[in-house]
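Chain by chain, the residues:
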Amino acid sequence: MLNKTSPVYKFGFQILAIVGALIFTTVVMLLAKAPPLEAYRLIVIGSVGSVGKISDVIVAWIPLLLATSGLLLTFAAGLWNIGIEGQITLGAIFTTLALRLLQDSALSPALIIIIGFLSGILGGMIWASLTGLLKIYGGVNEIFGGLGLNFVATALTIWLIFGPWKRPGVGSMSGTVPFDNLLWLPQVEGLRMSWWSLGIGLIGIVVVFLILQGTYFGLRLKAVGKNGRAAFIIGIPTGKYMMSAFFICGAFAGLAGATQVLAVYHRLIPSISSGYGFLGLMVAMLINYQALWAAPVALFFAALNIGSIQLPIVLKLDSTLSGVLQGALVLFVLMMDGVRRRLTAKKVN
Amino acid sequence: MNVELVHIHKSFGAVHANNDISLSIKSGVIQGILGENGAGKSTLMKVLSGFIQADTGQILLDGKAVRIHTPSDAIKHGIGMLHQDPLDFPPMKIVDNMLIGHEGGLFPNRRQVSNSLTELQSQFGFNLDPEAYVDSLTVGERQQLEILRLLWLGARVLILDEPTTGISASQKEKLFETLKKLAEQGMVIIFVSHKLEDVEGLCHKIAVFRQGCLVGETVPPYNTDSLVELMFGKVVSLDEKTQLEGSEPVVEITNLSIDDNRIQIRGVNLTINCGEVIGLAGMEGSGQRQFLRTLAGLIRSVGGELRLSGKRMTGKPYHSFQTAGISYVPASRLEEGLIPGLSVTEHFILSEDQSGFFIDREKAVTICRDRIKTFNIKGEPVTRVEALSGGNQQRALLAMLRTPLRLLLLEHPTRGLDIESSIWIWSQLKDRCKQKTCIVFISADLEEVLHYSDRILVFYNGKVSQPLDAAATTVDQLGQLIGGKGF
Ligand SMILES: Nc1ncnc2c1ncn2[C@@H]1O[C@H](COP(=O)(O)OP(=O)(O)OP(=O)(O)O)[C@@H](O)[C@H]1O
Ligand SMILES: [Mg+2]
Numbered sequence: 001m002l003n004k005t006s007p008v009y010k011f012g013f014q015i016l017a018i019v020g021a022l023i024f025t026t027v028v029m030l031l032a033k034a035p036p037l038e039a040y041r042l043i044v045i046g047s048v049g050s051v052g053k054i055s056d057v058i059v060a061w062i063p064l065l066l067a068t069s070g071l072l073l074t075f076a077a078g079l080w081n082i083g084i085e086g087q088i089t090l091g092a093i094f095t096t097l098a099l100r101l102l103q104d105s106a107l108s109p110a111l112i113i114i115i116g117f118l119s120g121i122l123g124g125m126i127w128a129s130l131t132g133l134l135k136i137y138g139g140v141n142e143i144f145g146g147l148g149l150n151f152v153a154t155a156l157t158i159w160l161i162f163g164p165w166k167r168p169g170v171g172s173m174s175g176t177v178p179f180d181n182l183l184w185l186p187q188v189e190g191l192r193m194s195w196w197s198l199g200i201g202l203i204g205i206v207v208v209f210l211i212l213q214g215t216y217f218g219l220r221l222k223a224v225g226k227n228g229r230a231a232f233i234i235g236i237p238t239g240k241y242m243m244s245a246f247f248i249c250g251a252f253a254g255l256a257g258a259t260q261v262l263a264v265y266h267r268l269i270p271s272i273s274s275g276y277g278f279l280g281l282m283v284a285m286l287i288n289y290q291a292l293w294a295a296p297v298a299l300f301f302a303a304l305n306i307g308s309i310q311l312p313i314v315l316k317l318d319s320t321l322s323g324v325l326q327g328a329l330v331l332f333v334l335m336m337d338g339v340r341r342r343l344t345a346k347k348v349n
Numbered sequence: 350m351n352v353e354l355v356h357i358h359k360s361f362g363a364v365h366a367n368n369d370i371s372l373s374i375k376s377g378v379i380q381g382i383l384g385e386n387g388a389g390k391s392t393l394m395k396v397l398s399g400f401i402q403a404d405t406g407q408i409l410l411d412g413k414a415v416r417i418h419t420p421s422d423a424i425k426h427g428i429g430m431l432h433q434d435p436l437d438f439p440p441m442k443i444v445d446n447m448l449i450g451h452e453g454g455l456f457p458n459r460r461q462v463s464n465s466l467t468e469l470q471s472q473f474g475f476n477l478d479p480e481a482y483v484d485s486l487t488v489g490e491r492q493q494l495e496i497l498r499l500l501w502l503g504a505r506v507l508i509l510d511e512p513t514t515g516i517s518a519s520q521k522e523k524l525f526e527t528l529k530k531l532a533e534q535g536m537v538i539i540f541v542s543h544k545l546e547d548v549e550g551l552c553h554k555i556a557v558f559r560q561g562c563l564v565g566e567t568v569p570p571y572n573t574d575s576l577v578e579l580m581f582g583k584v585v586s587l588d589e590k591t592q593l594e595g596s597e598p599v600v601e602i603t604n605l606s607i608d609d610n611r612i613q614i615r616g617v618n619l620t621i622n623c624g625e626v627i628g629l630a631g632m633e634g635s636g637q638r639q640f641l642r643t644l645a646g647l648i649r650s651v652g653g654e655l656r657l658s659g660k661r662m663t664g665k666p667y668h669s670f671q672t673a674g675i676s677y678v679p680a681s682r683l684e685e686g687l688i689p690g691l692s693v694t695e696h697f698i699l700s701e702d703q704s705g706f707f708i709d710r711e712k713a714v715t716i717c718r719d720r721i722k723t724f725n726i727k728g729e730p731v732t733r734v735e736a737l738s739g740g741n742q743q744r745a746l747l748a749m750l751r752t753p754l755r756l757l758l759l760e761h762p763t764r765g766l767d768i769e770s771s772i773w774i775w776s777q778l779k780d781r782c783k784q785k786t787c788i789v790f791i792s793a794d795l796e797e798v799l800h801y802s803d804r805i806l807v808f809y810n811g812k813v814s815q816p817l818d819a820a821a822t823t824v825d826q827l828g829q830l831i832g833g834k835g836f
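Top line first, the protein sequences correspond to chains D and R.
Using the numbering used here, read the first sequence as starting at 1 and increasing by one per residue.
Using the numbering used here, read the second sequence as starting at 350 and increasing by one per residue.
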């Protein structure tokens, strides 16, 4: 008989979960009277069918990876940083602000870009710290605080786009006036991706992995997350550690927002965070908060997102189909994990 | 009901926690289970009550093989268990707590439940208000409630895993009376404990466990020395009472007043000299815990002063208390002391001062192996703390203490420890006293308080006695004071 604790056994259940999620999504499509096989084919072609597509996937991967990286820290501290969407948005706003202020100055473009990044990080941190302060000193659950601040961040974006930062003439949903080419993060010839932002994303996840794996800070963060009361008695200042988790996660979120402005849209648009914060929450749950798996799973999710862009055009299907598949994956993996635990616990007499 | 366990095996990884255990208990018998920490007692009890499954082996009830996969299977077969560490009690009323686990209709009849509860209570002389909230009960009362609940659910076999650790002497007496009555009615009682006098006084027969094996069974009259020898494989004797008290005052408490929940403590004065051990006695909830936590810096006093080596500590944050050399060991191991999910090594890393930014894992594991050896913890550096046996969790907790310390505050330091370990732990603590640490500890075990303290404070309903000289006090005198006589 197969050993019930072996990795092979565990892997088998994960495969089952993926199959389950695919079946579920297929049923949803059948109910919507859409051809499932054709849809899957389009998703694959739409994501890895050409160099351009692959580069697009990477463009989506970077902010998602940054968001996931930050969230791994807040999750480690036992915090549900739902407010990450707002933190990404504020990062984008702060970057846009810095660029708008400096674009006509004599500074070199490289310096302006760097200041843009730093300013974005600052924006994300400020927004995250609000959730943190509300939680630690105001007793407001971070989920509610974060949710509220997300709305405020969206409202702020819209106000800026249609108010103070509106295009000459009338403001439009397409966002603020694009920045000059010189202020774009250098891209790969003919593609949308940039080696620079790819580097930032990869360094980000490696840093988080090292923090969680090998530092006193990471271990204390986990202690706070797993048993705050005991951690406090052992002598860990729990409030400070939670606050640091928010700060660092906010910095990552701000960085993601800054990349969206500097490397992707080159302006502020209404939904600049593109839902990468929420998607990051899903990735973190799917990988069971293990930093090691963040990069590949985030890449897969990014591929699903990009791959389904074509669906509305070709099949008249909504592109949120990728969302259905992603959500189903998370649910099925969590569910199969529960099933496996039950089975392992129940050994036959 | 007759209970038979046949060739039970249970391993956790490399640990053979139950190695071919066969035990048969006839209806109406109170079966005692003794054994050192980590011997496998709780494991066997969990197997019988469905919390875990044996790898191989059989459970027979009245000669019929049964399969018990979950606690609710167990209770359907009439087996109920009271746990070593009281499980979480939610803030709900007693009646509602009774209804949990009861398979009734969608709309349970609360009146009926409340009536049968009253009826059961009168049988045993318990006095719980069905409308009271569970979280307002003392440990002893929760235990009574849990017994009633299990009986009400139809338990015919009652398992008690170290039931006397957190309860007062009078509650213990009542508990034993109840258990005897239940046995007379034909129930099987299984009683796991480290307290020899309890087991000897109560049980009709005793099984002794060592390292996962059942090494012997005895019936009365019992011989304490041979039981101890059977448990540890060697003779263990109580150490001599030592007095290490110096004359240099370390802790000065003047007119200290504390307000916490329902307890008010007023005007405590006490000076503790270096190397001195102060025992705090009293029924649970009399204020001794609040007093200890105030000394730890976890509760702010509302009046008076606390000085450590002349330095004023009153009003300072917990962190300053720690850096001043004060350390606090809480009673609830898995809620306040340890962090479930982290390994033993990680706990030692957390309790050490940080050196650098990155953790030197190799060094940490070496230190951990060292401590595991010194403190005789049954577990590996990578073992998660929740997988340690109760007594080994306590050892881990004590192994995390820093050296040197000025003031060490302990809640039930030997709760759940076997005799040999208690003696050993106290020898460690006394060594600290030699290095000028002073100790204040709470214990429900009067013998422990009398034997290891230099002076004793008795708490009764927030009132505090004058310090008593432990050498000139008897168990009886102490018992009277605890009951409130003389305040
Ligand atoms: N869930 C678990 N995972 C791994 N090992 C375990 C687990 N539960 C118990 N053990 C190990 O099995 C052995 C027996 O544990 P058990 O809890 O039965 O001891 P015990 O006799 O009740 O001791 P104590 O008197 O300290 O409560 C110990 O070495 C313990 O570390
Ligand atoms: Mg035990």
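If you are wondering where the hints come from, they were derived from the structure by calculation, not from laboratory data.
Warning: the hint list may mix true and false statements.
[Said to hold, decoys possible] Listed next, the in silico DSS-like pairs over lysine-lysine satisfying Cα-Cα at most 25 Å (straight line): (1) Lys583(R) to Lys544(R); (2) Lys544(R) to Lys529(R); (3) Lys722(R) to Lys665(R); (4) Lys727(R) to Lys226(D); (5) Lys240(D) to Lys834(R); (6) Lys812(R) to Lys521(R).
Hint-by-hint comparison with the structure:
no. : hint                   : in the structure
1   : Lys583(R) to Lys544(R) : holds, 18 Å
2   : Lys544(R) to Lys529(R) : holds, 18 Å
3   : Lys722(R) to Lys665(R) : violated, 37 Å
4   : Lys727(R) to Lys226(D) : holds, 23 Å
5   : Lys240(D) to Lys834(R) : violated, 47 Å
6   : Lys812(R) to Lys521(R) : holds, 23 Å
Of the numbered hints listed earlier, those contradicted by the structure are 3 and 5.
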